[in-house]
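J.: These protein sequences, in sequence, are chains A and B.
No gaps in the numbering here: position 101 of the first sequence is 101 in the numbering used here, and each next residue is one more.
No gaps in the numbering here: position 11 of the second sequence is 11 in the numbering used here, and each next residue is one more.
Since the hints were derived computationally from the structure, they do not count as laboratory data.
Don't take each hint at face value.
To be verified - Computed, partial: chain B to chain A, Cβ under 7 angstroms: (1) Ala41; (2) Gly42; (3) Leu45; (4) Phe101; (5) Gly102; (6) Thr103; (7) Gly104; (8) Leu107; (9) Gln108.
What the hints assert, rightly or not - Below, a list of computed lysine-lysine pairs in the DSSO-like style, where the Cα atoms sit at most 30 angstroms apart: (10) B/Lys98 / A/Lys71; (11) B/Lys68 / B/Lys36; (12) B/Lys56 / A/Lys9; (13) A/Lys57 / B/Lys36.
Said to hold, decoys possible - Over 10 angstroms on every C-beta distance to chain B, these chain A residues come out as not near it, computed from the model: (14) Val4; (15) Thr15; (16) Gly16; (17) Met27; (18) Asn28; (19) Arg44; (20) Asn65; (21) Arg68; (22) Leu69; (23) Lys71; (24) Ala82; (25) Gln85; (26) Thr86; (27) Gln103; (28) Thr114.
We put the CB at the ideal spot given by N, CA and C, even for glycine.
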Amino acid sequence: NAGVTQTPKFQVLKTGQSMTLQCAQDMNHNSMYWYRQDPGMGLRLIYYSASEGTTDKGEVPNGYNVSRLNKREFSLRLESAAPSQTSVYFCASSEPGGVSYEQYFGPGTRLTVT
Amino acid sequence: GEDVEQSLFLSVREGDSSVINCTYTDSSSTYLYWYKQEPGAGLQLLTYIFSNMDMKQDQRLTVLLNKKDKHLSLRIADTQTGDSAIYFCAESPGGYQKVTFGTGTKLQVIP
C-alpha cells in the first residue's frame, strides 16, 4: 500500500497563476483533509471531506477550492495564487469510527508563490 | 473554539529525558494525540490517549493527561538523535473526526 500520495512535491507559481494539488489514498478511508503548514502556526485545516460527495470549509478556506473526485481522490485548487499562499500543503485521510480517528498524512507539497 | 498551544522549541542532550508540554481548551475532547513530523515528511501518529485516562506508557514514551488543567505532556526517555523532529499535540471531540493541531514543538537532540 502506498498510503497517501500527493503530487507535485514542489511547485513555484507566479502571482495570479492557478494550479491543482492532487491527493490520493489507497486505504479505503471515507474522510480526507487538506492542511497548510506555516512556521510557528502549526497545521491549519483548509477543507475536509467527511465522505465521498461532501466537502466542508475548515479554518482557512479563502482562496481555495476542493473536489472530492471519488472515494480515493481529493484535490485542492488555487484559482489565483497569492504570495500569502506560499506554504507546505498536506493531504490526510482517516476512517471515522476507527479506534483513534488516526489521520494518515501524505509527504506534502512545497508551494512558493512569487 | 478549540485551541492547542505548545512551546516552539526544546533542546536536550542525547540520553536525557525530553518532556514536551501542551495545553488545550476543548473540554469535550475525547481523544488527545501526539504526532511526529520528521524533516521533509508528513506527520505520523506517535501515540494517543483517551480523555478518561491519566497516563499511557508505550516503550520510551509516557503520556500524562491532567484534565482539570487541560494539560497534556509527552515524555521521551533516553532521547536519541533519531528523536529529533517536530512534535504536534492534537485534540478531537469524541465521535467527530476533525482534529485540531497545535503549533508543534521542535525537539533538537544534542549528541
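J.: Look at each hint and say if it fits the structure.
T.: To see whether the hints hold, each was checked on the structure:
Restraint check, B/Ala41 versus chain A: the minimum CB separation of about 6 angstroms is within 7 angstroms; hint holds. Checking B/Gly42 against chain A: minimum C-beta separation of about 3 angstroms stays under 7 angstroms; hint holds. Here the hint on B/Leu45 is kept, as its CB sits about 5 angstroms from the closest CB of chain A, short of 7 angstroms. The restraint placing B/Phe101 at the interface with chain A holds, with a minimum CB-CB distance near 4 angstroms, inside the 7 angstroms limit.
A cut of 7 angstroms between beta carbons decides the hint on B/Gly102: the least distance to chain A is about 5 angstroms, and the hint holds. For B/Thr103, the interface hint holds, the least distance from its beta-carbon to any beta-carbon of chain A being 4 angstroms, beneath 7 angstroms. For B/Gly104, the suggested interface contact is upheld, since its CB lies about 5 angstroms from the closest CB of chain A, less than 7 angstroms. Of the supplied interface hints, the one on B/Leu107 is violated, with its beta-carbon coming no nearer than about 15 angstroms to a beta-carbon of chain A, more than 7 angstroms.
Proximity of B/Gln108 to chain A is violated relative to the hint, the smallest CB-CB distance being about 15 angstroms (cut-off 7 angstroms). Only pairs whose Cα atoms come within 30 angstroms are accepted, and B/Lys98 paired with A/Lys71 is accepted, the gap being roughly 18 angstroms. In summary, the hint linking B/Lys68 to B/Lys36 is supported, as the alpha carbons are separated by about 26 angstroms, within the 30 angstroms threshold. Of the pairs offered as hints, the one joining B/Lys56 and A/Lys9 is violated, with about 36 angstroms between alpha carbons and a cut-off of 30 angstroms exceeded.
Between A/Lys57 and B/Lys36 the CA atoms are separated by roughly 25 angstroms; this keeps the pair inside 30 angstroms, and the hint holds. The claim that A/Val4 lies off the interface is violated: its Cβ sits roughly 7 angstroms from the closest Cβ of chain B, which falls inside the 10 angstroms cut-off. For A/Thr15, the non-interface assignment is confirmed: its Cβ lies about 26 angstroms from the closest Cβ of chain B, beyond the 10 angstroms cut-off. With a least CB separation of 29 angstroms from chain B, A/Gly16 remains clear of the 10 angstroms interface cut-off, as annotated.
With 10 angstroms as the threshold on Cβ separation, the claim that A/Met27 sits away from chain B holds: the shortest Cβ distance comes to roughly 14 angstroms. With a minimum CB-CB distance of about 15 angstroms to chain B, A/Asn28 clears the 10 angstroms threshold, and the non-interface call stands. With a closest Cβ-Cβ approach of about 8 angstroms to chain B, A/Arg44 is found to fall inside the 10 angstroms limit, against its non-interface label. With a cut of 10 angstroms on Cβ distances, A/Asn65 stays outside the contact zone with chain B, its closest approach being about 19 angstroms.
Distance check on A/Arg68: its Cβ is at least 15 angstroms (rounded) from any Cβ of chain B, clearing the 10 angstroms threshold; non-interface status holds. At the 10 angstroms boundary, the C-beta of A/Leu69 stays outside the reach of chain B, the nearest C-beta of that chain being 20 angstroms off. At roughly 15 angstroms from the closest C-beta of chain B, the C-beta of A/Lys71 stays outside 10 angstroms, upholding its exclusion from the interface. The Cβ of A/Ala82 lies farther than 10 angstroms from every Cβ of chain B, with a closest approach of about 23 angstroms, so its non-interface assignment holds.
Every CB of chain B is more than 10 angstroms from the CB of A/Gln85 (nearest about 19 angstroms), matching its label as outside the interface. With a cut of 10 angstroms on Cβ distances, A/Thr86 stays outside the contact zone with chain B, its closest approach being about 17 angstroms. Not every beta carbon of chain B lies more than 10 angstroms from that of A/Gln103, the smallest distance being close to 6 angstroms; the non-interface claim is violated. Every beta carbon of chain B lies more than 10 angstroms from that of A/Thr114, the smallest distance being close to 22 angstroms; the non-interface claim holds.
Going down the numbered hints, you'll see the structure goes against 8, 9, 12, 14, 19 and 27, while the others check out.
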